[in-house]
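Peer 1: Protein chains in written order, with the numbering used here: chain A, 1 to 394; chain B, 1001 to 1385.
It should be emphasised that the hints constitute simulated quantities derived from the structure, not laboratory data.
Each hint should be verified, as a subset may be incorrect.
In silico DSSO-like pairs for lysine-lysine, Cα to Cα no more than 27 Å straight-line [what the hints assert, rightly or not]:
| # | chain 1 | residue 1 | chain 2 | residue 2 |
| --- | --- | --- | --- | --- |
| 1 | A | K394 | B | K1258 |
| 2 | B | K1258 | B | K1039 |
| 3 | A | K394 | B | K1039 |
| 4 | B | K1258 | B | K1244 |
Keep in mind that this is a model prediction, so the values were computed, not measured.
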Amino acid sequence: MILEGLNAEDARFRGEVLAFLRAELTQDLIRQADAHESLFPPPAVTLPWQEKLRRRGWLGLHWPRDCGGAGLSAMQRFILETESLAAGAPLLAPFGLNYLGPILIHFGTDAQRARFLPRILSGADYWCQGYSEPNAGSDLVSLQCGARRDGADYVVRGTKLWTTHAQHANWIFLLVRTSNSGKPHTGISFLLADLRTHGVTVTPIVSIAGEHEVNQVFFDDVRVPADQLVGKEGEGWAIARYLLEFERGGFVMNGLLRRKLARCEALAPAALAVASSFEAAILRSRLLELQVDLLALAAAELRVALSFEVGSSPGPEAMVLKVEFTELMQRIEALGVALLGGRGLGFAAGAGGADRDQVAQALLGSYLNNRAATIYGGSSEIQRDIVARTAVGK
Amino acid sequence: MSERDDELQMIRDTAARVVRDATANGIPPERDMNVLTWKAAVESGWTALLVADGDGGLGAGAEELCVLAEELGRGLQVGTFLLGDALATQWLTAAAASALRSALIDSILGGVRAVAVADSESPQRGVPSVPLLRARATGSGWLLDGQKSGIWITEATGELLVSALTAGAQPELILVRVPRTAVANAAVLQTIDGGRAMSCQFVGTVVAADSVLIGAGGGFAATRERAWDLVLLATAAECLGMMKALLLRTAAYLGERKQFGQPLARFQVLRHRMADMALASFRAEALITHATRRFDTLSAAHRAPLVAAAISKSLQGARFVTEQAIQLHGGMGVSAEVPVGLYLKRVIALEATIGGADYHRGRYGDACGADSPKKVLSSSMNASS
């Protein structure tokens, strides 16, 4: 519904997107994307789709054209992202395309852009994000993973936690402490490290859904060449804040949630056939409320998307989208679990065998896994602190 | 900024100034615009917004009306402007040319406030559906039988625009003008928000043929539906204005009021409540902005659910924000000394007139048609019963 009433030019582009999706988005790809419980499917699923988008020229949506970006208008970008996800395309991993790309474009050197940007688009490099640590979660500024300058290198010592897809990645961008003097945020720097460097260890962490999505990464005196510092030493916090705008406000997720809600709706007839009239009325009300809230999210995402052009950032106001998207996703999946009823009883963490109810496995796995969505990338409570700063003042 | 943005900003600035003047000594308990404010409204061209260029109006649309409603809503100055004047204007401009049409439009442009809308009927809830009021043809005109309620009037109201269904095998929706003096058993209710709502009966009320503004085959059903959608959307914008005003007012109070040795604004639980209030306003604003921009390019089938979503979310948000604004003001919030309670009463009056958030969520489901969960659910319920 969010894409009804477009002007002729945008409606034509929407037609191009739908034709592309019909031709390129195979049932097999949709099935693989649906089967994954985590928000971000692994590269084995996403990279083939990324390559199709690259060949069509629709990759690097937040990148200027001279950096290899798609050169789409804000409205076209919104249409492409909304329709792709609603049709069941896998959500591309954002770490390289949506996070590091804009950082290098804004803060990097020409040499860094030339070295890394093309390999993000081609999928030759797969990035992960080294932010959280055992004692620095929501309070990111107290991070302790250290980097000291030694000749032409930085020597990194410490650990990063909850690192999504580190087991798939060959590169990591990370926030490190390069100074302990002054205020905590002034001593932070932004480094790029090759995960195959001597001294890096990646250890898996298994979630309550049984999935291996996140990791702990240990750095034991890892030598990182100094030309892999982004921006200036001590500029890491400013870069992190810029990246946060993309992490929290740069997504267009209404298509993904439309698909999740449609899967709930598909469960409704069977559930309602056995529900009491009282429960049925409540389930219907929940379903309608989620539809309306999803429309509100889509409208909000559109508003934000139209407010920033390629080359600029979403702005701090856009970060409110993160709390809206993640909380709505959780409510949609909670309704899905309610509609599943007894089918959910047989869920087994990590056991996706053919003897299991695949619908229940995917839905419950996703529900359990996405409890993390209101914790990572700025918890809902941190987000409310930020909203309150605007609404109430400091 | 584009020329259009400039125009909208001008409406916003003028409205903000008028509201500031009207509320300089506090927000008046009477909900309708006072004489001076109304004079300013007419001079600013607000009564002419929805009147076509050819009829001496400004030919403006949803964006202008919603910007205006939001600003007036901040100071509780909308009164009967949307549910009276804005509805009436849209109906009249859709009428075929006649001396009566011209006279009524001129009275609106001149700010006489003579015209009120009689569309709701008392057994119905929310947005008026098919009227029970019947119009029977006679040799020289029509006879009306039935009743209307929830007619938002002012002291100046002299004319009613009445929706009726023609009697006969092929009933049609028509619009007729009835002088206020011609109705029976009129009762005027002082409403909770300080306004006036009239109910009345029509007992063989005679309507001359030249008092029919939109006759059978005149497309009144579609006109009426669109007019209500626009007024519902503008009412959502009024709710948004109320939310924004209360967010500012409450933030100021939290900064001033000290307890336990520090301003209330330092307590995280109160800050998070304010964040939730701001999020409610944010959601409503997103839907209103989108629906407003697309109002004229969408088909009726796509417009209706979007507007229903916008008004549902706005009423839900306004109810939440006003109740929580009272809570955060503590004892002062329930005192008549601060006007926060007036906002809650306005929300209640709107809900009682056009239906609440739940009702409009249901309308959203109905309006979605074949794709709606209601269809999915009701067909499955039928299958199981």
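Peer 1: For each hint, tell me whether it holds in the structure or not.
Peer 2: So, going through the hints one by one against the coordinates:
no.	hint	in the structure
1	A:K394 to B:K1258	16 Å, holds
2	B:K1258 to B:K1039	42 Å, violated
3	A:K394 to B:K1039	41 Å, violated
4	B:K1258 to B:K1244	23 Å, holds
Hint violations for this structure: numbers 2 and 3, all remaining hints satisfied.
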